[in-house]
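Chemist: Dock chain B against the given chain A, drawing on the hints supplied.
So the protein sequences, as listed, match chains A and B. First residue of the first sequence: 923, per the numbering used here; consecutive thereafter. First residue of the second sequence: 144, per the numbering used here; consecutive thereafter.
Simulated from the structure, these hints should not be mistaken for laboratory data. Note that this is a predicted model, so its numbers are computed, not measured. Take these hints with a grain of salt, some might be off.
[Said to hold, decoys possible] Listed next, the in silico EDC-like pairs over lysine to aspartate or glutamate satisfying Cα-Cα at most 20 angstroms (straight line):
no.	chain 1	residue 1	chain 2	residue 2
1	A	957	A	1023
2	A	970	A	960
3	A	970	B	283
4	A	957	A	1011
5	A	957	B	206
6	A	970	A	950
[Stated by the list, open to error] Output of the computed footprint for chain A on chain B, the stretches with three or more beta carbons under 8 angstroms from beta carbons of chain A:
no.	stretch
7	170–182
8	352–364
No residue lacks a Cβ here, since even glycine has one placed at the ideal position from N, Cα and C.
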Amino acid sequence: MMARASEAAARDAAQTGASPACPLLRVEHLSIGFKMYDPAAPYFRARKVEVPVIRDLALTVRAGELLAVVGASGSGKTLLADALLGRFEPNARVAGDIWFEGRRCDAADLTRLRGRGISLVPQGVDSLDPLMRVGEQVVGACGRGRAGRERRRARTARMRELFGAYGLAPEVERMYPHELSGGMARRVLLMCALMDDPRLIVADEPTPGLDMDLAVHALRDLRAFADAGGGVLLITHDLELALRVADRVAVFCAGTVVEETASANFAAPELLAHPFSRALWHAMPEHDFAAACGGEGER
Amino acid sequence: MSLEAHDVSFSYVPGRTVLERVSLAVEPGERVAIAAPSGAGKSTLCRLLAGYLEPQAGTVLVDGERVDAHSARARAPRPVQLIVQHPEQAFDPLARMGRSLVEGVLRPGARGARAGARSRRAALERARETGLLERFGIRDAWLERLPHELSGGELMRCCIVRALLAEPRYLICDEMTAMLDALTQAELWRAVVAIADERRMGIVLVSHSPALVRRLATRVYPL
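The following block holds chain B by itself, in its conformation from the complex:
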């Protein structure tokens, strides 16, 4: 039971390899920090682990299954969720926050506008029941807003909740709080770590701040 990358290689441009034969395993409940200078491929590795990119060689396995196999079969959210540094780029600019927030947990099968709205309302109701919105301080008023009407910190809260609603077994946090002030950073990380401990969720994190890594990581993986 772990999130594993086996001899993964990747390049965006042929001949210019970003990652070469990288192997990494993350156990549930672990918090692994990826340490490397900029441009070394940390974000690329994050995307590979989350299944956003496909490795050109090697495999990424989640608890023994290929990272993209699970969702294709079960039509369920992926067991590895990625949180990126720029929350303003992570939302549909034309969708209200309430809609974006539950897009991962909609039950499939709703057809037509009215059924879609009903299904979204139900999903939002389920989301509220988890108590996650409350824990991350998401206010009801935000749900009716568009992404550009929220600040970076507010959007990041929504990003985290959206990912956690999918009940991932592994959470990848790529410079999650680099854009936020120290207070918000501490608050959000404390909440995420608490939930990870409750659910025995594995975390992969990337941060430019050595102090933050020392504070959070149970293990450092040098890329």
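Isolated chain A, as found in the complex:
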């Protein structure tokens, strides 16, 4: 793996050992850059340069909490989700410290935790296989033979239980993704994540294209998961929506988290510390709808 988190892990293994007070997820000094040919140089003479995208990012998610990471589109928020799941592009260089349940994780650990502790609710509804019935996708591959059948039975039962709990009709199981409405498809993606009893859900832009009611509904499912003791990291550009469900908001700007604050502090701009958070507050349609701050979000 390209991640250098491993060498950091070797440096101090002393930090391990979960204490009851330790947060579910802690990220410190996370930096992600890409090695690419210098886009400014002439074509054949271009050298490889490292383009930093995320730098020195820190955040924490506690159990029972929903943290929203709010920032501009195209500013690298999805990269953060990918990093937490150990999904790296071949030319990415990732450095930093990630603790999960008090254990320091390197890239291999994160890959192992994927689906077994940390689950992703992906951005696109097109993550569903269009040619596979919903039920089969949610249950997933179970292997063959007696053990496989056993596993399939258990997972099918779990799926039905989840469908019941989240208000999906049993016939959805037999449907194909194109037969689902936007809201239902979102739920199916969430079901896929919940199948493996994760402790942390990373939800990457789970609401675009949904109207306010449906979006709040979709987020209420995530909220319910957090209230049941899990942790949720919600990545979104929609501050208005995030404020409705999140306990805390991490404001993401120019590749790093500039401020982590309680949602309640967005009641008034004076309670916000960073100028970018204040600019976001002022830009909200119910406040000043101001477009100041020299396009910091757009690169």
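Modeler: Relative to chain A, chain B alone:
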């Protein structure tokens, strides 16, 4: 003088009607928000108003003319322009942005590659003179890029400018800023509203955010 839908009906699948006998009129200078739950046919109505779809019953008139009649006769851009939610689906993935940006305002008649390039250069020059590129913060470097090399916000700026270059009398904005952050949303809408006021352009907008609708719309039309 208005954009009018008269008793418009539409269904994608026979027997499953999406819109039934919908009537709506938008005056120049007005900003009308279409309010309805998802799946009620807001986007379909937008497409009908812009002439992307043809109603199965009823008519859509732009200042007294059928929405598709004008462009067929004059070979000019349509007087109603539509901006969709996903800008990454609104550009030819193989065309550079400069080419896509002016595709609506090319003067007809250029034949052959060289004349085509000349005509595009001229069109781009005219586009610059309008000052729209500057107002929406489109940088020269973007014009040489392909759509996948721009972010969602950058692409949306190009979408808006492309539509405004056609000098539409009505602009339809279907969840125009749903994918964008609050700052970019405020900036783009402020610019669009300013131009609409200058040109007395009518706007139809769809948004999932009640706060945005309250901020922008002069009238709400419940579908």
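Chemist: Each hint needs a verdict: does it hold in this structure or not?
Modeler: We went through each hint and held it up to the structure:
1. A/957 to A/1023: violated (31 angstroms)
2. A/970 to A/960: Between residue 970 of chain A and residue 960 of chain A the Cα gap is close to 6 angstroms, so the pair holds against 20 angstroms.
3. A/970 to B/283: violated (24 angstroms)
4. A/957 to A/1011: holds (10 angstroms)
5. A/957 to B/206: violated (55 angstroms)
6. A/970 to A/950: violated (27 angstroms)
7. 170–182: Holds, because 3 residues of the stretch 170–182 of chain B bring their Cβ atoms closer than 8 angstroms to Cβ atoms of chain A.
8. 352–364: holds (count 7)
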